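J.: Given only the sequences and the hints, what does the whole structure look like? Please build it.
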Amino acid sequence: MNLIIDAGNSFVKLAVFDNGSLVYDVSVKLVDFVESAKAIYHKYPQIEWTMVSSVVFLDKKDVEALAVFSKVHVLDHKTKTPFKNQYGTPDTLGVDRIALATAAFYHMPHKNVLVIDAGSCITYDILNHKGEYLGGAISPGLGMRYKALNQQTSKLPLLTPKAPRDLVGNTTESSIHSGVVNGICAELDGVIDQYKLKFEDLTVILTGGDAQFLSKRLKNTIFALSNFLLEGLNNLLDYNKR
Numbered sequence: 084m085n086l087i088i089d090a091g092n093s094f095v096k097l098a099v100f101d102n103g104s105l106v107y108d109v110s111v112k113l114v115d116f117v118e119s120a121k122a123i124y125h126k127y128p129q130i131e132w133t134m135v136s137s138v139v140f141l142d143k144k145d146v147e148a149l150a151v152f153s154k155v156h157v158l159d160h161k162t163k164t165p166f167k168n169q170y171g172t173p174d175t176l177g178v179d180r181i182a183l184a185t186a187a188f189y190h191m192p193h194k195n196v197l198v199i200d201a202g203s204c205i206t207y208d209i210l211n212h213k214g215e216y217l218g219g220a221i222s223p224g225l226g227m228r229y230k231a232l233n234q235q236t237s238k239l240p241l242l243t244p245k246a247p248r249d250l251v252g253n254t255t256e257s258s259i260h261s262g263v264v265n266g267i268c269a270e271l272d273g274v275i276d277q278y279k280l281k282f283e284d285l286t287v288i289l290t291g292g293d294a295q296f297l298s299k300r301l302k303n304t305i306f307a308l309s310n311f312l313l314e315g316l317n318n319l320l321d322y323n324k325r
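Be aware that the sequence shown starts at 84, since it is given in our numbering, and climbs by one per residue.
Hints are supplied without guarantee of correctness; some may be wrong.
[To be verified] Subject to a maximum C-alpha distance of 30 Å in a straight line, what follows is the list of computed DSSO-like cross-link-like pairs (lysine-lysine):
#, residue 1, residue 2
1, Lys213, Lys230
2, Lys144, Lys126
3, Lys230, Lys299
4, Lys299, Lys245
5, Lys230, Lys302
Since the hints were made in silico from the structure, they are not lab data.
This structure is a prediction, so every number in the text was calculated from the model and none was measured.
T.: What follows is the structure in structure tokens.
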């Protein structure tokens, strides 16, 4: 069994995999993740390995606390990957993007795959049919766009994401929803169209916290897979056990 720990800026996802199958997952606050991990170790004493992926700095003591219960692999740019990394600055490639490329490598072998992660930021990552990771793009996510309109202006309110009823907003709030949601969907469809021109028989994966909200509004055919990142981290852990 493997324990996968995916630490974000505020919350941490913990997932248990048994022979490649997800059997348990939970999301907790960053400050609570060590105690939550300990509870999982007690619930699943068969866990032998732990993968830690973090976009924030984790205290060394926290990682050491996990090592009491299992072997621990902390994901970074030195971690072995099953794909060939063609990124120009591999030491700056985000751990989340490494995991997503790994998931694409195992789930869609020998295919051109575009993985779109709709989270705090939207990341686009392309893996070609030769198993080469080429890079992609990074743009502001859904929540970040709402916050920017509020923080970078003097009068626009901070709104919670909401599906616009119409293309034409007739109030300030409906105009913001139309601008942000329709704008982000137009970006996604436009980027997908450009990649389809460059890569034949392209498979598109949409994942991340806002994937379900956005997927039904896209014109392009995509696969919305909520646990794609966790599966990639588990694949990476298994690959690095060798």
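J.: Now, for every hint given, state plainly whether the structure supports it.
T.: Here is how each hint holds up against the structure:
no. : hint            : verdict
1   : Lys213 x Lys230 : violated (39 Å)
2   : Lys144 x Lys126 : holds (22 Å)
3   : Lys230 x Lys299 : holds (23 Å)
4   : Lys299 x Lys245 : holds (13 Å)
5   : Lys230 x Lys302 : holds (26 Å)
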